[in-house]
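**Q** Here is how the chains run, residue by residue.
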Amino acid sequence: MTVSVVDLRKTYARGAVPVPVLHGVTFDVADGEFLSIVGRSGSGKSTLLNLVGGLDTPTGGRIVVGGRDLSRMTRAGLALHRRHTVGIVFQSWNLLASRTAIENVTLALAFGGVRRRDRVPRAAGLLESVGLGHRLTHRPSELSGGESQRVAIARALANDPSMLLADEPTGNLDSGTAAEIVALLRSLNEERGLSVIMVTHDEPAARDTSNRVLRLHDGRIVEELRPERGSG
Amino acid sequence: MTFGDLFYLAVENLWRTKLRSALTTLGVVIGVGMLVSMISFATGVQRNVTEGFKENDLFTSLEVVQKGREATALGAAVGAREDAGPVIDDSVLERVLTVPGIVLAYPEVRFPATVRMGDREARTSIQAVPLAVGQHRPFDTLAHGRFFNDESEAAAIVGERLLSELGLCVKEDVPRTWQGTPPASLRAVPVDSILGRSIEVAVPVIDAQRVVSGMMSGRIPDAPFGEHVTRLTIVAIREGGQGFEPDAIAGGVVVPMGTALRMPRLDLTSVWAALDAARGPTGYPALHARVRNADDLEPARSAIEAMGFSVVALADQLKEFRRSFLIIDALLGAIGVVAIVIAALGIVNTMVTSILERTREIGVMKAVGGGEGDIMRIFFVEAGAIGVIGGAFGVALGWAVTRVGNVVVNHYLRREGLPPADLFDMPVWLVLGAVAFSLVVTLVAGLYPALRAARVDPVAALRHE
Chain A
1 MTVSVVDLRK TYARGAVPVP VLHGVTFDVA DGEFLSIVGR SGSGKSTLLN LVGGLDTPTG
61 GRIVVGGRDL SRMTRAGLAL HRRHTVGIVF QSWNLLASRT AIENVTLALA FGGVRRRDRV
121 PRAAGLLESV GLGHRLTHRP SELSGGESQR VAIARALAND PSMLLADEPT GNLDSGTAAE
181 IVALLRSLNE ERGLSVIMVT HDEPAARDTS NRVLRLHDGR IVEELRPERG SG
Chain B
233 MTFGDLFYLA VENLWRTKLR SALTTLGVVI GVGMLVSMIS FATGVQRNVT EGFKENDLFT
293 SLEVVQKGRE ATALGAAVGA REDAGPVIDD SVLERVLTVP GIVLAYPEVR FPATVRMGDR
353 EARTSIQAVP LAVGQHRPFD TLAHGRFFND ESEAAAIVGE RLLSELGLCV KEDVPRTWQG
413 TPPASLRAVP VDSILGRSIE VAVPVIDAQR VVSGMMSGRI PDAPFGEHVT RLTIVAIREG
473 GQGFEPDAIA GGVVVPMGTA LRMPRLDLTS VWAALDAARG PTGYPALHAR VRNADDLEPA
533 RSAIEAMGFS VVALADQLKE FRRSFLIIDA LLGAIGVVAI VIAALGIVNT MVTSILERTR
593 EIGVMKAVGG GEGDIMRIFF VEAGAIGVIG GAFGVALGWA VTRVGNVVVN HYLRREGLPP
653 ADLFDMPVWL VLGAVAFSLV VTLVAGLYPA LRAARVDPVA ALRHE
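These protein sequence lines map, in sequence, to chains A and B.
This note's numbering puts the first residue of the first sequence at 1, with every later residue one more than the last.
This note's numbering puts the first residue of the second sequence at 233, with every later residue one more than the last.
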């Protein structure tokens with residue numbers, strides 16, 4: 001799935017004071033590309049990802065995902081975008097604590113309109129594919145950070161998205177586990193042909209994994225790298 | 233999301249906050265319980281009155297009275313007025329019988345008497361009825377015994393009320409009438425030992441001889457009254473009645489018309505009646521008539537009124553009753569509705585709190601593809617579940633209240649020596665209606681929280697701790 005971001009601007013209103021976060025960001029993502037966005041805290045990385053994910057709406061500019069312009073979508077349209085087009089993974093996993101691993105995945109399947117009897121086999125298959133076949137009925141509190149993030153990835157894949165958006169997916173993990181998660185994202189990118197946009201602090205990991213790395217500073221893209229991929 | 237998913241989520245969420253859900257639901261239970269017991273009481277009273285009317289043919293009964301003497305029919309004689317209409321005599325009776333819809337008409341023949349049975353006696357009144365009444369209430373449904381065979385049979389039908397004044401009650405009826413043991417003042421005897429027994433009916437007569445001899449001797453006679461005694465055989469026992477019988481048959485002893493007309497009698501139903509009698513022929517005080525069915529009542533009434541008589545129908549009173557019922561229903565219902573509104577506010581409060589707590593969860597649901605409609609429905613179904621569960625338990629509570637109320641009321645009725653009654657009515661429409669009403673109220677209460685949940689900003693929600 002291709003993404004085309006043109007002159008994207010976002011300004012938050014903090015009280016009466018407008019706080020600009022993105023000042024006209026323009027970039028493209030090719031189909032099946034693994035793009036990383038790096039930058040300091042407050043550079044606007046997460047905001048950018050939320051806009052592409054349809055969780056937030058831009059103040060100006062355009063985001064065209066798979067030929068459809070998000071800035072012109074209704075709230076219902078954005079919900080469909082989140083449901084079917086993208087899968088989103090967060091730093092803090094955002095699993096529902098009261099539900100088991102498999103129930104977290106079946107919830108997404110329920111929103112996706114998957115028939116009830118198909119959900120459990122499908123969720124189990126997804127969890128197995130991220131290496132959690134033995135943890136289906138554990139609750140988030142019984143899972144390690146890496147395991148939790150795998151559940152979140154399985155959930156993001158539930159409704160067969162064309163693109164994965166990962167917001168600091170390794171931010172809460174130790175370096176070993178972080179590497180495993182990044183490797184998992186990369187294998188999904190390679191094996192399933194999923195486009196991936198990953199926002200991260202971890203520049204070395206970004207360079208090792210991505211086709212391209214964008215550096216964001218104060219709401220502007222200040223650098224674009226095309227690393228030699230495949231060494232990590 | 234299917235309804236099953238929504239329901240599962242709702243139950244799961246309610247279960248997660250058991251205590252709070254239970255307390256919120258309890259508010260609904262109490263509200264619905266209150267509403268149900270109140271309406272149950274209102275409909276119960278209404279049912280008792282209406283059934284009483286129906287059972288006794290009151291919807292088809294009417295009374296023809298002389299114009300200007302209407303009040304007589306209600307038992308309080310006021311005497312003839314100057315503008316009194318034509319007198320009711322046998323020719324009027326015949327004309328009334330030709331009115332379309334009229335299936336029975338007979339004159340009121342009623343007089344006081346003393347009834348003796350064994351060593352007990354009771355003051356009561358004698359009511360005469362023609363044989364044709366046998367096909368009508370209440371004589372077509374006599375509890376024990378049979379109706380008269382002959383216009384001049386020396387037979388009597390006694391009421392349960394009169395029996396109790398004579399210190400007796402029917403043993404076979406004890407379980408139904410008294411739910412166990414009758415009051416100590418009554419002796420329960422088998423029905424067969426009452427049927428076939430003879431009673432003495434004593435009516436006062438003016439002893440002309442004593443009056444004349446008194447006058448001749450120059451003394452005012454101290455007791456110019458004698459007594460005429462008729463022996464009658466009890467052929468049937470009539471149920472005591474709840475006070476809904478037509479006036480005609482409220483008397484304690486019912487006898488065939490021919491038998492009654494053979495008995496000498498003073499019309500002592502009132503002083504006025506006696507005075508009227510002195511003025512000349514007064515005819516019958518009233519005619520009692522029945523129409524085929526309730527729809528015939530109004531046309532028959534108009535026809536008879538056109539003949540120059542007044543018509544009193546007990547159905548008129550039911551109309552009055554119904555008007556008061558409506559007011560009672562509204563008042564009782566209002567109390568219940570207030571209780572439910574308070575419960576609804578409890579739901580709003582609980583759900584708004586719940587949304588604040590679950591903001592992050594809502595954000596997650598939106599991030600994984602939950603639409604606003606989905607989120608709204610989740611909270612909506614949650615409110616609805618509270619409504620259905622609260623409604624169901626509320627109906628149960630209301631039912632329990634009516635049972636307790638019945639026990640208490642019947643305890644007092646018993647102490648007053650009155651037969652028991654079921655004061656409450658719980659028709660199916662009330663049960664289903666209460667649950668449906670509860671559901672509707674809770675859905676309305678859930679409307680604002682559900683909308684608010686649906687509009688949660690996912691970005692802010694995911695940042696929410």
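A few of these clues could be false.
What the hints assert, rightly or not - Just some of the chain B residues that point at chain A, by a computed CB distance under 8 Å: (1) Asp351; (2) Glu353; (3) Gly399; (4) Asp606.
Said to hold, decoys possible - Per the computed footprint, the stretches of chain B lying under chain A, defined by three or more beta-carbons under 8 Å from a beta-carbon of chain A, are: (5) 234 to 244; (6) 320 to 333; (7) 571 to 583.
Simulated from the structure, these hints should not be mistaken for laboratory data.
Just so it is clear, CB atoms sit at the ideal spot from N, CA and C, and this is done for glycine as well.
**Q** Look at each hint and say if it fits the structure.
**A** Here's how the hints hold up against the structure:
1. For the restraint placing aspartate 351(B) at the interface with chain A, the shortest Cβ-Cβ distance is roughly 83 Å, beyond the 8 Å limit, so the hint is violated.
2. Hint status for glutamate 353(B): violated, given a least beta-carbon distance of 82 Å to chain A, over 8 Å.
3. Contact between glycine 399(B) and chain A, as hinted, is not supported at the beta carbon level, the nearest pair being about 73 Å apart and thus beyond 8 Å.
4. Evaluation of the aspartate 606(B) hint against chain A yields a held restraint, the C-beta minimum of about 6 Å falling below 8 Å.
5. Only when three residues or more bring their CB closer than 8 Å to a CB of chain A does the claim for the region 234 to 244 of chain B stand; here the count is 4, and the claim holds.
6. By the rule of at least three residues with a Cβ nearer than 8 Å to a Cβ of chain A, the coverage given for the region 320 to 333 of chain B is violated, with 0 such residues.
7. For the region 571 to 583 of chain B, the assignment as covered by chain A is violated, since 0 residues bring a beta-carbon within under 8 Å of that chain's beta-carbons and 3 are needed.
The structure fails to meet hints 1, 2, 3, 6, 7 from the earlier list, while all remaining hints are met.
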